Amino acid sequence: MRVDVDGVAVHLEDGASLLDAVRLAGGELPTLCHDDRLTSVGSCRTCLVRSGGSVVAACVTPAVDGAVVEVTTGELRGLRRDAVELIVSALPPRALDGGADGGELARICHELGLAPDSAQGQGGRGRDDTHPYVHLDRDLCIACGRCVRMCAEVQGTFALTLTGRGADTVVAPGTGGSWADSDCVSCGGCVDTCPTGALTEPGLPVGDRARTSGRTHTTCGYCGVGCSLEVLTRDGEIVAVLPDHDGPVNRGHACVKGRFAHGFLHASERLIRPLLRRDGLLTPVSWSEALDHVARGLREAVAAGGPDAVAAISSARATNEENYLIQKFMRVAVGTNNVDNCSRLCHAPSAAGLTAAFGLSGGTDSLDDVEGADCLLLVGANPVEAHPVVGARLLRRVLHGARLIVADPRTVGLAHHADVHLRPLPGSNVALFNGLAHVMLAEGLVDDDFLRHRVAGLPELTALLDGYGPDQVAALTGVPAGDLLEAARLYGRAERPAIVYGLGVTEHLHGTDGVRALANLAILRGAVGTGHGFGINPLRGQNNVQGASDMGALPDLLPGYAKVTDPAARARAADVWGAPVPDRPGMRIPEMFAAARAGTLRTLWIVGEDVCATDPDTVRVTEALETCPLVVCQELFLSETARHADVVLPAAAWLEKDGTFVNFDRRFQRVRPALDPPGDARTDFAAVHALASALGVDLGCRTPAEALAECARVAPLFAGISHERLDREGAVPWPCPDPFRPGEASLYRERFSTSDGLAHLAACPYLPPGETPDDHYPLVLVTGRRWAHYNSGNMTRRTANLQLEGVDLLDLHPADAARCGLGEGDPVTVRSRYGRAVLTAHLSDDMVPGQVFCAFHFPSSGVNTLTSRHADTVTSCPEYKVTAVRLIPGCV
Amino acid sequence: MGGFNGSNGFRVLAGRRGHLGARLLEALAGAAERSPDGPQVWAPRVARRLGLPAAAGLGSATFYADLAAPRGRRHVRVCAAAACFAARAGRQLTEVEEALGVAVGGVGRNDVSLQAVRCLGFCYASPGCLDGDTPCVGPTLTEQLAGGLPPVAPAIPARDVTGDPVALAGIVAGEEPWTVWPEAVATGAAQRVLAEVAASGLRGRGGAGFPVSAKWAAAGGSPDTVVVANGDEGDPGSYADRLLMEADPARVLEGLALACLACGARRAVVLVRSEYPQALTRMRAAVGQAYADGHLGGSVHGSEVNLDVEVVEGAGSYVAGEETALIAGLEGGRGCARSRPPYPTRQGLWDAPTVVNNVETLAAVPWIVRRGGNAYACRGTRTETGTKLVCLSERFARPGCYEVELGTPVIHIVTELGGGLQEGAELGALQVGGPLGGFLPPDGLDVPLTEADLARHGAALGHAGLVAFDRRVTGREVLRHVWEFAAAESCGACSPCRVGSRRGLEITGSGTPSEEYTRLLRVMGQASLCAFGRRVPAAVRSLARAYGDELGEWDR
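From first to last, the protein sequence lines are chains A and B.
Numbered per the working numbering, the first sequence spans residues 1 to 892.
Numbered per the working numbering, the second sequence spans residues 1001 to 1556.
Simulated from the structure, these hints should not be mistaken for laboratory data.
Everything numeric in this text was worked out from a predicted model, so none of it was measured.
Ideal Cβ positions, reconstructed from N, Cα and C, are used throughout, including at glycine.
Be aware that one or more of the hints could be misleading.
[Unchecked claim] Among the chain B residues that face chain A by a calculated CB cut under 10 Å, a handful are:
| id | residue |
| --- | --- |
| 1 | G1015 |
| 2 | W1042 |
| 3 | A1047 |
| 4 | V1319 |
| 5 | A1486 |
| 6 | P1496 |
| 7 | A1527 |
[To be verified] Residues of chain A placed beyond 12 Å of chain B at every Cβ, according to the derived structure:
| id | residue |
| --- | --- |
| 8 | T72 |
| 9 | S268 |
| 10 | G359 |
| 11 | G444 |
| 12 | L458 |
| 13 | E626 |
| 14 | D658 |
| 15 | T783 |
| 16 | P849 |
[Stated by the list, open to error] Interface residues of chain A toward chain B, partial, derived using beta-carbon atoms under 8 Å:
| id | residue |
| --- | --- |
| 17 | S43 |
| 18 | C44 |
| 19 | L48 |
| 20 | V55 |
| 21 | A83 |
| 22 | A143 |
Next comes chain B alone, as it looks inside the complex (with noise of 0.2 Å):
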């Protein structure tokens, strides 16, 4: 008889309820909220509540970390990543364990409890924490969330050094969100957005680098197609889709409108991480005023374009960014990824076609279509056209975000633009595109900003965040901090890197390596479903080749 066809049954039965799908997750989420129990308890009630199996509700609420994590009256959640790690040394958790007097994962006295969370986007000023939803950043984190300073949390550095910004347009130079979309809509010219884009050679801008346009072509124009601002900002180390969401989130909404009506879509989502609540409540009052000024709803503009905003809240995955686990999350599903084909924008959410675009590469959209696919495509190199923002960490003298030109040598921006390590700090190496990218050494850094450069260095673009890690930590521990992050993320759906995530940490943690190691590297490199199980391999040799000799037997 054979199966459901690139389906499964859960999604099948839920199909039949009515597509409840995030409400799911949110009716989950708020639960979690007020429960002081476990999933256990009150996932599987939830889930018949809404006619769904019980199983749906527990398997989806075991999965996303806020919903599995235990909740005190009072919550906090700490940064656990890479630039928090870095500007540490790696004791960030335990300072703030010992501040909270609970432990990680638990619920202490006072009814505190204390979630390690991958990234909360404050790389500039690590240390981070959400205190509720209340960020307490920088050195004196313990003290903020002792009471003893109030909490602080200093705004994004953003800065644009091309002199003609794209996505930064609004923040920096002060560019009117809006401008492009309503004569676009009024003149219905789908083709000629579809088209600019196009010229403009953007590609994706989440770090799996494809052609924009040719994404939307793939949806084939029906108008059941969906299109989703991706801004489930994993990687750490970035914080570029925070920014724009959080300052200028019209622009990322312009963007997505002009994606739908040159995909003939008429339903979009925005998916915001969790751990951006700021993000969250701005997003969601840029399309309450998007309806109120006319750009979304009914007849947009005076047009025949219908065209329909939601805006959805993660749950806490890195994997759920991956568009087939972003999808299954939607669907309020285990946000775990699957295998293409079908591809998402032949099968996506609920089956429809499904156009996932990261929210920079959307930012990006209405400059492209008022200066023309041409004006973008001259700018940064031949093959790989226009600007990407980089964020680099605290270890920098200078962090924050830029908007260069890609091409732009990474020693220029670890140098002029960051100003070089704060000092009194030697870099040990330096992490390009996040826990999938790659390392690269401190005498290598001469690299053009490109895909195909850092990919060439055992790098890769990724998100493209920069976090510069010093000589206070050693090679050996960022490599078991890469493997603690593999292991934490992995959302397990297949073998190589629900094991090989598990077994590498062990192995990095306790022994030397040894031929398990190798081929648990090459399994999980070759036979891993999505990107990150297939990543983490390059990425944690490239590490062992940037320390060179401290980490020479670990380059295999």
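Extracted from the complex, chain A is given alone in its bound form (with noise of 0.2 Å):
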């Protein structure tokens, strides 16, 4: 449609709006209650324009073709002043404060020459100073109604209403109380779109930004989702993280984390020098006697036990060109595969279930495909808490019409916007996915044709699945059978449908076997490398697990997912690295600890993962650090790991690197230095040269944009990705074997990567969990994230976000409480075949009556020495969803 806009004509898309023509010409208008991620309510009125005779604010008017609009005649300027001008008689002075620098309010007034005196109102509204992160000045608001949007349509959590009316009309926390006890879930949107300093963070006054001294433009270093963040920085310190607004991902989103939990940083309790035991205790020494001593060890190790004999656990936390880096040291420098990452204990059973289903190690489809979809299908996964931006992306979807179906024990997150909840019983989901699958085949919901031509394995899964009807599969899971019929009918009928899961598929026993048959619902769909539905795609847990893995820091594969046991692979490295590559797969995590117990593990260098905190049955991971003669630890904290190390090496943290993270939908972007490391920490990437150097190796690559520059001639998947490319593009997905084509946000269209080309379904028997409740451990007991706190904690314990959570809660059914006797906020000791831990009783009607549920974001209290080690069969991925235990009151 054409639209004159002051004599220039523009063109326009339906549903396009005035002020988008108005824009489009090039034209600029105050839109104080506009945002363009939100509704336009048209309530500030200062974006009047003429049209068909009468002014009009144009946010809310709709572009119609041959409209014609004036905008810069003199009347409508004085008209859009005095909107303005109005709406600031009744601000007190200071909302025009900063002027040309300050806040967006403060900047159109300065542009429209409104004096500070046109500022006149008398306030008294006060303060609601309550909450660590949003601080609300009731005087400066201009009930625009931004922040309840946002809160609602690009958060989901609709925890801001307009209060009152008229020109008592201010925003405030729905319960009614103060900020900090409210449904706040500190986004930080409010704050983002607020136009006049009414809602403020800490440390960042509005009209403040200007004295901000560095921008750096980032990815964040919490969960999976890879939110691209600006952070800005003053004398070395952090003023403030905020959202890009181009962000591929979070599109000007954030949460809680990423947003605010920097504070660790300048935590007092940061390992700032090397530590070395001496006499029983951790001493602070310089990087070269700690390095000595490193190097000494793992010369004493390799002379006794051969290479075999020292083990590395990467991190998932650290950057892909340090993964590279660590991996590329055990296999060169000290000629072992033993190298693994914490995928081990999250998403190995993804990579291992996807691969052999489709042929990569990775989700199917990107995020803004899911966004896509017209049923979700979200499965094991609390997204709302764990991965906050990509929760609210998906119930977004939802609220604009798409169906959810939910599969988890418990009703929290998106479950609540469920049109079918399923709750499976913990370990049950193989036959959850296989009953769902039943119906799908039984009803014709499949696509017959894409099962012809592309996939393999149907006549295997069609007999296995007879025996999953709806009533065999509802006493197995305990799903009612109805609910199963419904679940599979949405999904079966739906037009573009996606799955999207996490660790309740894969932290079982059977985790692998749970990934095949959920991929399976979405290859009997055709909804994977066909463009009608969005396949299936795993949530992962930290900031670059999928890098970890990508980059190589796996005991059976080398970077790229090449086998170990490939020659040609093996030489391809060796080409490029100067240097042998070992041919047996090293070991998993859960070896690398068996070894130390046994004693055939002599170093163990464990980077940035506090194994004795996070892995499963903790107290024999403990025993293994003990045993083992070398544990060199590098950390931000003395965290329970490293208090068992021999060496301890002060790390930098997310905000102090230079490198790239892969996110859960293989996106490569740029991780940039904000701040130096504090005192003596260093990179790991330094941390991992320097040690090579105490033994008189060269790894080459000397920056992070060489090494992965070198991962690029190693691995064909990423050969067209550099440092430079990302500076250029910003994010980049994998496969990209080409430096002059886009990457592959969504897998599959030709062929799938197996090596006949095709999908391929499985034929998995429902197989009872490891750990199953008796009298003795009547319980089952969940574990997982919190919304507040990241893994271990030891980032977000030291944030004010400790003031949101700053209590180990165990979750429990209200007859559950009764039964044993517990009350709300009731000391809980919870105990396992394995350990023990104590807690705080949380009564909810969220969970399941017989099953319980817990963080581990709090080591001190022994969560993970309950867990059990039984681990996927397939992976070795611990069965944390499923332990049994047994309540008793108090702290005993």
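Relying on the hints, combine the two individually framed chains into one complex.
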């Protein structure tokens, strides 16, 4: 359609507004209540133009073909100025602080020439400074509702509302009390969109941005979503971390962790010098002393037990370049494949299962595609808390009309919004997925053409599924047959379904089977590699857990997933590295601990993992560390693991590093240092180089950029990716074999990457979990993440997030609580067959009777002493999601 | 990604929760009545119990005056609006406060709470109060409240002066309701109803004056259409809808049923404002009776027509009578106006096509269908057909509700029907059409009662309430009163009105009008989101003109 703006013709899409037209014509209007991400409401009435004979607010007036819009007449300029002046008249003079460098309103006033004395409000409505990250100055609120819409439409929390009416209208948290006690999940969206400074974050008062000296674009180092962030710094301190409005995944959004939880950087207990155990005590030493000790230990270990007497646990929090360098160090400098990373503990079954089904170790589609789905099947994941930005985007999709099936025992997060909520017994996933597949096959909700041409394994699966009728599955899973049917039909009849899943699928005795059985649904439906449907996509837990594996920090795989047993792959790497590559797969993390306990592992190097807090059955993990002659640990803080190490090297945090991360939908994104590491702390990249030097080895690739460039030569999947390209283009997904062509966000359009080019259905029978409750341990414990914390909590517990969630809770159903004699807030001792933890009881109807839930963000509570040694039969991923426990009131 | 396209997140979420809408406001009202605490305490809980975000409860509860007002065991609502103001020369609030020993907006000793409301529809016998739901009206109001006299609430004097009443056909001429509907529904006369109403030239009587048949047609005949009878007669000075809903609710329902038939709607809602408890009771009873008599429900009178009517109570907001705000309220939200398009006839209640017709408008429909559109079109004036109920305030010698032909000179209504002002009172200005209407000077009453003519004289037909201000109050006091109303009832959805209504009140209260006042009026009048903010400047300008020199400097 064509619209005339002050004589300039512009062409617009249907659904565009007059504001779009004016902007397209190069005009600017004040838009105090407008944010491109939000529904337009036309509240501030400052974007006034004349069209069709009347004065209208451009933001809410649809553009129609042939419309003539007047914008720049003197009368309209005056009217817009008067409209802004009227708004300002009710505000106190500080509303205009900062002028041209101030907030949106101050800037607009500056442009319109409105003097500070236009602001003549008396104030007196008061402040709410109860929350650590969001402060409210009611006197500056202009009731534009941007914060309310942000919270509802982008974040999906619905924590805010306008209250009162007329001139008394003001934003308030919807729970009626203080902000700190509200439903706010501290995403910062309200602060970000507020045009006046009514909502601010401590440390970044409105109008103060000009005084920041540094701005660094980087990628968040918390969960695997990969939010793009802008870090403002001043005098070596972080002023604020803001979401990047052009961030490809977060699109201007963030969460309590990435946005606010950076205080740990300056925590007093931050390690700033290497520590060496002397006479049983960790004592500060110089780097050279520490490195000499490590080098000596390494040489002794190799001399005594060969290269395989050394092992490394690389870090999913470290950069790709660091992971690349660590695995190269192990393979080249030590000569062993004994390198693994914590994806072993989370998504190793995804890697195995997705590779077997489709050929590549990653999700099949991008989040952008998933967002186009008309039906979401969310399994074993609570993204609202664990991956908040993805949770928000998925909820937004649901509010825009997508159907939602949630399979999760707890009624949390998106389950509140589900069309069907399936609550399978923990450990019964395979039966559930087989049951869904049974219904889809029985009712013809499958893509026959796709199955005929692009799929292997249908006859075997069909035969297996005979035994998984709805009633049989109901008996195995506890999911009513009717719910199962409804879910299968919703998914099976959708035009563009997508599966998103989390650790509730993988962290089981038969986790890989779970991934395969879940992938079956996408294959049956023809919803992968076809464009009608968005496959199956794991939500990765840590910032770079995808990348750590991509970089070959795995005992059986080289960078880019080439097998160490494949001579051609070894030869390719050896050619680049100038050294032979060991041909025998190395040890997995649990095997490393077993070898240490058995005395065959003599040096264990642990980078950025608190294995004594986060690995299962930690009593035995600790035993392994105590037995191993040399344990080296690179850490930010003196973690439980560091306490058991012989050498502790102070590490840089993500805000102090240069490199790249790969997020959950396979995007490489740049990580850039906003600050220098404190004291003698070094990046893992520098530490690995230093250690190699101490051994007299030159690993080459002196910079992170060179490391990724070298990786690109080793791994065809990443051949087209470089720092230079990422600096230019932003995010680039892999596979990306060609520097001049885009990476593949959606996979398998032509063929699957399996050896025969077909997608492989799997006939996995249901097998019971390793842990089963009995009379002595009658309840099932499920562990997971809570919204304000992250992993072992070593970062988030050292920030004001502790004010948001400061107690390690055990969620349990009121009926179980009554049976155990527990009330809200009571201390409760949890015992399993392996250990004991002390938590605080929290009664919740979100739980199923017979199941309890807790996180492991507070290692001192001992949650991972409870978890068992059972592990996925294929990948050794621990069975975190099923532990039989009993509860005892009090701290016993 | 954009937003929700004319909607908002709360609405969408509430939609997924099964369209609880009115149930939320009902539950909030129930909690408000039971609790001595403010909405901060109970509203979040109420919303949560219904599966909605706490914020959905708090936002609405703090918006509506009834829900936000502090409650004692005895709750008294005192009218602060035009006719009562004029009757006691602005003293009525203080008098009631003194009689009850409690300030407006507070809870006093003996657990008595006092809420100022804007119009209880007793304008013909002002001042008025509701003690609980019991009306106490007239010059002895304070004695009634103090218990010295029994409560008094005279009936509305109603009179037809046309000789062939339309809206008052039942009330003054004893014409039975539900005489047209059975045949219309049995013969599937949707097209005929639409055609007759089109021929009649009937326009909305609630103030906006939009052609009724055009609104019906705009809904497009979708079976999802909802027709809303708007009984939120917010204009102080008008009590015609209260009269109809209390004295002849069946006629309103019959008109509503015919409107549904014409629109192909299977659902209708009657919204009755909370200030009219008697109307609510009568309307609910009439709906029950209509179901019992087979006028409503499934397969009405053996036809294939199904029609369900629900009665919903308002919660105290003037702007919530505006159609988009009314729909927001029916959805359980804050009763704020929203920008149009989309128009409610395309995207209204929970996005269904929604037709909102005023009660008086609907009351005329049975007559039009029975007698034919042409018979109606012959009445009134050529361009503004038919009859209109006008309401005369207490200051008149013969206050009451009169049915007149449109085009009747205002001076005739004032002097002949109203008998001029009460003995000893001298007219200062006549407010026509409520707070968004305008004022006529004592020597400027020779204006035909039509929208167009009144507009030419700076007034508006509005709901056709006529409130006389006598010389006991100054023009400045009336001006301040109008701004007080604006400030108290602005919904706050748009800045010009949100800030302008308060600022206007401050300026008229303290100073003299400056350039700022001029700019304020211009911004409010041109930029406000709905008619409320847009009309206030016109109303205060016409007031300034009506008082001539007295308010000369305020004519900006």
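Check: Any Cβ of chain B at or closer than 12 Å to A/G444, or is the non-interface label fine?
Finding: holds (29 Å)
Margin query: Holds or violated: the hint that A/L48 contacts chain B, with Cβ atoms closer than 8 Å.
Written below: holds (6 Å)
Next item on the list: Take a quick look at A/G359 and tell me if its Cβ sits farther than 12 Å from every Cβ on chain B, holds or violated.
Entry: A/G359 clear of chain B: closest Cβ-Cβ about 32 Å, beyond 12 Å.
Check: Does the nearest C-beta of chain A fall within a distance shorter than 10 Å of the C-beta of B/V1319?
Finding: holds (8 Å)
Check: Is the hint on A/A143 kept, meaning its closest Cβ partner in chain B is under 8 Å away?
Finding: holds (6 Å)
Notebook entry, point to check: When the nearest CB of chain B is found for A/V55, is that gap smaller than 8 Å?
Noted result: Because about 5 Å separates A/V55 from the closest Cβ in chain B, which is inside the 8 Å limit, the hint holds.
Next item on the list: Would you settle whether the hint for B/A1047 is holds or violated, based on the nearest Cβ-Cβ distance to chain A being less than 10 Å?
Entry: holds (8 Å)
Checklist line | Least C-beta distance between A/T72 and chain B, which was stated to exceed 12 Å | finding: holds (17 Å)
Checklist line | Residue hint B/A1527, partner chain A, criterion CB-CB below 10 Å | finding: The hint holds - B/A1527 has a Cβ within 10 Å of chain A, the shortest such distance being about 4 Å.
Margin query: Let's test the interface hint: is any C-beta of chain B closer than 8 Å to that of A/S43?
Written below: Because about 5 Å separates A/S43 from the closest Cβ in chain B, which is inside the 8 Å limit, the hint holds.
Notebook entry, point to check: Does A/S268 really sit off the interface, with its C-beta more than 12 Å from all C-beta atoms of chain B?
Noted result: Consistent with the label, A/S268 stays out of reach of chain B, its closest Cβ about 38 Å off (over 12 Å).
Note to self: Take the shortest C-beta to C-beta distance between B/A1486 and chain A; is it under 10 Å?
What the structure shows: Hint holds; B/A1486 Cβ to chain A Cβ min 9 Å, cut 10 Å.
Against the hints set out earlier in the document, no violation occurs for any number.
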